[in-house]
Amino acid sequence: MNVKEIKELIELLKGNEITELEIEREGVKIKLKKGSGNIVTTQLLAAPQQVVQQVPAAPAPSAKKDEKPAEKKIDGVTINSPMVGTFYKSPAPDAASFVKEGDLVSEGKTVCIIEAMKLMNEIKSEVKGKIVKILVENGQPVEFGQPLFLVEPA
Amino acid sequence: MRKGGTEEEILSLLRTSGEKYLSGEALSKKFKVSRTAIWKHIHSLIDQGYVFESHTNLGYRLLTAPDLLLPAEIEHALSTKYIGRELYCFNEIGSTNDMAARLTEKEVPEGTVVTAEKQTAGKGRLGRTWISPEKTGLWFSVILRPKISPYHSPKLTFIAGLAVHDAVKKVTGEDPELKWPNDVLLNGKKICGILTEMKAEMDAVNYLIIGIGINVNLSKNDLPESVRARATSLKIELQKEVSRVKLLAEVLKCLEEYYDLFKQEGPEPIIRKWKRKCATLGKKVRIQSGSEVIEGVAEDIDADCSLLIRLADGTVKKAVTGDVN
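If you read the protein sequences in the order shown, they are chains A and B. Note that this note's numbering numbers the first sequence so that position 76 is 76, with each residue one more than the last. Note that this note's numbering numbers the second sequence so that position 205 is 205, with each residue one more than the last.
Incorrect hints may have been included.
Said to hold, decoys possible - As a list, the in silico DSS-like pairs of lysine-lysine whose alpha-carbon atoms are at most 27 angstroms apart:
{"#": "1", "chain 1": "B", "residue 1": "Lys246", "chain 2": "B", "residue 2": "Lys235"}
{"#": "2", "chain 1": "B", "residue 1": "Lys190", "chain 2": "B", "residue 2": "Lys40"}
{"#": "3", "chain 1": "B", "residue 1": "Lys81", "chain 2": "B", "residue 2": "Lys220"}
{"#": "4", "chain 1": "B", "residue 1": "Lys170", "chain 2": "B", "residue 2": "Lys273"}
{"#": "5", "chain 1": "B", "residue 1": "Lys220", "chain 2": "A", "residue 2": "Lys124"}
{"#": "6", "chain 1": "A", "residue 1": "Lys130", "chain 2": "B", "residue 2": "Lys169"}
{"#": "7", "chain 1": "B", "residue 1": "Lys189", "chain 2": "B", "residue 2": "Lys246"}
{"#": "8", "chain 1": "B", "residue 1": "Lys147", "chain 2": "B", "residue 2": "Lys235"}
{"#": "9", "chain 1": "B", "residue 1": "Lys106", "chain 2": "B", "residue 2": "Lys3"}
{"#": "10", "chain 1": "B", "residue 1": "Lys189", "chain 2": "B", "residue 2": "Lys283"}
{"#": "11", "chain 1": "B", "residue 1": "Lys118", "chain 2": "B", "residue 2": "Lys275"}
{"#": "12", "chain 1": "A", "residue 1": "Lys89", "chain 2": "B", "residue 2": "Lys189"}
{"#": "13", "chain 1": "B", "residue 1": "Lys81", "chain 2": "B", "residue 2": "Lys3"}
{"#": "14", "chain 1": "A", "residue 1": "Lys109", "chain 2": "B", "residue 2": "Lys170"}
{"#": "15", "chain 1": "B", "residue 1": "Lys220", "chain 2": "B", "residue 2": "Lys189"}
{"#": "16", "chain 1": "B", "residue 1": "Lys317", "chain 2": "B", "residue 2": "Lys190"}
{"#": "17", "chain 1": "A", "residue 1": "Lys89", "chain 2": "B", "residue 2": "Lys32"}
{"#": "18", "chain 1": "B", "residue 1": "Lys220", "chain 2": "A", "residue 2": "Lys128"}
{"#": "19", "chain 1": "B", "residue 1": "Lys81", "chain 2": "B", "residue 2": "Lys263"}
{"#": "20", "chain 1": "B", "residue 1": "Lys81", "chain 2": "B", "residue 2": "Lys273"}
{"#": "21", "chain 1": "B", "residue 1": "Lys189", "chain 2": "A", "residue 2": "Lys128"}
{"#": "22", "chain 1": "B", "residue 1": "Lys199", "chain 2": "A", "residue 2": "Lys100"}
{"#": "23", "chain 1": "B", "residue 1": "Lys284", "chain 2": "B", "residue 2": "Lys273"}
{"#": "24", "chain 1": "B", "residue 1": "Lys318", "chain 2": "B", "residue 2": "Lys189"}
{"#": "25", "chain 1": "B", "residue 1": "Lys275", "chain 2": "B", "residue 2": "Lys220"}
{"#": "26", "chain 1": "B", "residue 1": "Lys199", "chain 2": "A", "residue 2": "Lys89"}
{"#": "27", "chain 1": "B", "residue 1": "Lys199", "chain 2": "A", "residue 2": "Lys133"}
{"#": "28", "chain 1": "B", "residue 1": "Lys283", "chain 2": "B", "residue 2": "Lys169"}
{"#": "29", "chain 1": "B", "residue 1": "Lys3", "chain 2": "B", "residue 2": "Lys135"}
{"#": "30", "chain 1": "B", "residue 1": "Lys199", "chain 2": "A", "residue 2": "Lys109"}
{"#": "31", "chain 1": "B", "residue 1": "Lys169", "chain 2": "B", "residue 2": "Lys190"}
{"#": "32", "chain 1": "A", "residue 1": "Lys109", "chain 2": "B", "residue 2": "Lys147"}
{"#": "33", "chain 1": "B", "residue 1": "Lys246", "chain 2": "A", "residue 2": "Lys124"}
{"#": "34", "chain 1": "B", "residue 1": "Lys106", "chain 2": "B", "residue 2": "Lys199"}
{"#": "35", "chain 1": "B", "residue 1": "Lys147", "chain 2": "A", "residue 2": "Lys124"}
Said to hold, decoys possible - Take a look, some chain B residues computed to stay more than 12 angstroms from chain A by CB distance:
{"#": "36", "residue": "Thr6"}
{"#": "37", "residue": "Asp183"}
{"#": "38", "residue": "Glu268"}
{"#": "39", "residue": "Leu307"}
To be clear, the hints were calculated from the coordinates, so they are not data collected in a lab. Heads up, the beta-carbon is just placed ideally off N, CA and C, and yes, glycines get one too.
If we strip away everything but chain B, and leave its shape as in the complex, we get (with noise of 0.2 angstroms):
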């Protein structure tokens, strides 16, 4: 669907009449074209999953959106000023983060989303996959550009966390917690993982892409064994369906103020909130950071976000990266 083109236009009349039917000849009429030609668009909506009503006489109605990742549907569901509001949609791609470090070549607006219905090369840290099946899951990066020095930006990633926690509470009811550094749990498994790639001189941040996968509506089956004991999905917990679009659309929104927050206010109201949600402080913790082994408990979050773990000799070391165990 070509962005404000005739199809946009007449799936957002049919939107807006609800319940009523809009004729054939009365579309044809405002748009200036055939019959055939709308006939056309509507069945090209309905190759992307729209369901219409159509009545002979009376013409077309709208009853149901697809729960895809179509920027018509996103930005209906969008409510943000600027995360999102340019968006490149894509059915199957090697990473969204690789793509969103392609549109860095050029001039991108800051908040550009890239979503993937499908990643053949979904990625996790160090080298790692993460899997991302088809039109089950929410798979997208945003590229930002703070103005502040990458010494910082490690402290920025926090409002992703925090923004998938929100979204996630405010759609579903349910409360995730968080675990340092940015994983968000269900019930202890993992729902959601956050990788973000910079690009950065000595002294200031070209830009960041801030990627997020969110296990929606997987079944347990698209897990692979290996990883079941540690990551599920929401579907999995909650036993049915969560709109990806209202979801996505959330977490945008939530994004967008968190950061408008860390802009204004810096890292400290972020931390604050962040805390109270974290389910990794005071739990016994053993750390892979880098070549480094540090077990103990996790006891707080630094002023620059690194976890502070207390030993065994009540000395307390820093991490400021690592999987937590």
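Just chain A, same shape as in the assembly (with noise of 0.2 angstroms):
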């Protein structure tokens, strides 16, 4: 992981309502967390493994108006590109999209095609949840290991 997939990932997490970001692949493990200046740590490890995020869920409604919302954390984990490519959230231009944010998805459910030099990789989904969030736009380029999906595990 280079400079410039570190700057990548702050941009994705400026644009997000994620806080709290950490990846960990390649041997490289890093931890970002959005508020009084990003915090960046590494460490190195033997493989690549799963990204799981905290991401906070929509305020719930409160009774009393000076009461600051709790936040409620939802533990995601994250669906990720397994290559460099292409995002499409539909088979064709003109199709519906294979999942929605608030969808339900079972292991195994296609929820996106990564396209690399004519080579189209239909994701499955490793879990089986809610779709929380849809992180990637449409035809938007992916790096490998990118976070795709944020899925609330059921």
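Take each chain as given, in its own frame, and dock them per the hints.
Next up, the structure:
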């Protein structure tokens, strides 16, 4: 992982509701946290592992006006791109998306296609759960290991 | 024709006997069936397009075999070790890629090939249609199970374009060009498209299905007017028909050689060879890559096979997908 990729991750964090992001791959662990300055930590690891994120859900409606809504934390897992390519949310430009935010998916359900050199890779969910957030735009280039979906396991 | 059945054996025997006639009596003795049964098999072969000369006293001899995608014809022409040794030949199906994907649900060996004389739902990228009229082209899919990570698999698609290039050159004498990532062009127009579909885990490829469509004996009228400026066929360019069976056998042979080379030495020798045949490099290109349009000069192929484009401001941009114009 290089500086450019870390910068991209920071950008990803900026444009999202995600406050904390932890990624482990290629022997490197990176933890980013939104707030008073980004904290970047790296450490060596034996093998890439699955990314686990902590993400705040939408604030719960509160009865008292002056009370700050309690932030409910969701333990989410991400579905990551296994290769460099272009992200497609549907099988054809005019076709319906494989999944939408809020959809429940089961293991093996196709969630998107990643294309590189006319090789179409149908990405399947490895978990059963709810698609909390789609982290990339249709037609956007994605990197290896880049989180594509945030899923709240059921 | 049942594989390994009497009919296939009769055909094989008639093929090897060449100019010599084989009598109905001799055949009936050899296969321990009645002469009527032999006569029925011969007529079934005639229905499939085989042409025999029959002589009341002498028997039968094979004059010509049809240029059809029949297992017996393909196997006869094939010289591979494993690609195409398991064959599924259809007259008409939706898409050979979809059928191949269905076949992977059970245990099929690596190198299994699915062919169709006609596809009713031939596929291109992003839900596009691939025109596949009956008995004119080669519409087929090859199932591979490479032991590589999905990260590296796009490089493997380059072996297919090269294999088609080599096979067309061998069979017709013409020297086609390759367009990034894997179209094959003759006289600047597309004669072959390749669409690969993959099923993979994060770190392992379950299977790759390489779908190859070659416009062999299509006439101008077989191609919709909207694509005639960009697409052509071998027959249109050469003004003569090309044997589809021979071409298919040659593509599969080249594909196997390049796949073995990829397994032994990785993608570098493939990319080096591919670059020499590439028509895209050095040209001004405009690429629709996902939601982005990149314009510039195609400068090189990166180690990961993506296209490097030099923009007007001097910077270099990488494209991993897209239509090159």
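Verification of the supplied hints:
1. B:Lys246 x B:Lys235: 15 angstroms, holds
2. B:Lys190 x B:Lys40: With a Cα-Cα distance of about 43 angstroms, the restraint between B:Lys190 and B:Lys40 is violated, given a limit of 27 angstroms.
3. B:Lys81 x B:Lys220: 36 angstroms, violated
4. B:Lys170 x B:Lys273: 16 angstroms, holds
5. B:Lys220 x A:Lys124: 41 angstroms, violated
6. A:Lys130 x B:Lys169: Status violated; Cα separation ~52 angstroms.
7. B:Lys189 x B:Lys246: 22 angstroms, holds
8. B:Lys147 x B:Lys235: Roughly 38 angstroms between the alpha carbons, so the hint for B:Lys147 and B:Lys235 is violated.
9. B:Lys106 x B:Lys3: Holds, at roughly 20 angstroms.
10. B:Lys189 x B:Lys283: 16 angstroms, holds
11. B:Lys118 x B:Lys275: 33 angstroms, violated
12. A:Lys89 x B:Lys189: 31 angstroms, violated
13. B:Lys81 x B:Lys3: Answer holds: B:Lys81 to B:Lys3 is near 18 angstroms, not above 27 angstroms.
14. A:Lys109 x B:Lys170: 44 angstroms, violated
15. B:Lys220 x B:Lys189: OK: B:Lys220 and B:Lys189 at ~13 angstroms, within 27 angstroms.
16. B:Lys317 x B:Lys190: 25 angstroms, holds
17. A:Lys89 x B:Lys32: Answer violated: A:Lys89 to B:Lys32 is near 61 angstroms, above 27 angstroms.
18. B:Lys220 x A:Lys128: Distance ~51 angstroms between B:Lys220 and A:Lys128 Cα, so the pair is violated.
19. B:Lys81 x B:Lys263: 15 angstroms, holds
20. B:Lys81 x B:Lys273: At roughly 23 angstroms apart (the allowed maximum being 27 angstroms), B:Lys273 and B:Lys81 satisfy the hint.
21. B:Lys189 x A:Lys128: 47 angstroms, violated
22. B:Lys199 x A:Lys100: 22 angstroms, holds
23. B:Lys284 x B:Lys273: Holds: B:Lys284 and B:Lys273 sit about 22 angstroms apart, inside 27 angstroms.
24. B:Lys318 x B:Lys189: 25 angstroms, holds
25. B:Lys275 x B:Lys220: 30 angstroms, violated
26. B:Lys199 x A:Lys89: 17 angstroms, holds
27. B:Lys199 x A:Lys133: 24 angstroms, holds
28. B:Lys283 x B:Lys169: 24 angstroms, holds
29. B:Lys3 x B:Lys135: Holds, at about 22 angstroms.
30. B:Lys199 x A:Lys109: 12 angstroms, holds
31. B:Lys169 x B:Lys190: The hint holds at about 15 angstroms.
32. A:Lys109 x B:Lys147: Holds - the C-alpha atoms of B:Lys147 and A:Lys109 are around 24 angstroms apart, at most 27 angstroms.
33. B:Lys246 x A:Lys124: Violated, at about 39 angstroms.
34. B:Lys106 x B:Lys199: 14 angstroms, holds
35. B:Lys147 x A:Lys124: 19 angstroms, holds
36. Thr6: 43 angstroms, holds
37. Asp183: 9 angstroms, violated
38. Glu268: 16 angstroms, holds
39. Leu307: Non-interface label on B:Leu307 violated, nearest chain A Cβ at 9 angstroms vs cutoff 12 angstroms.
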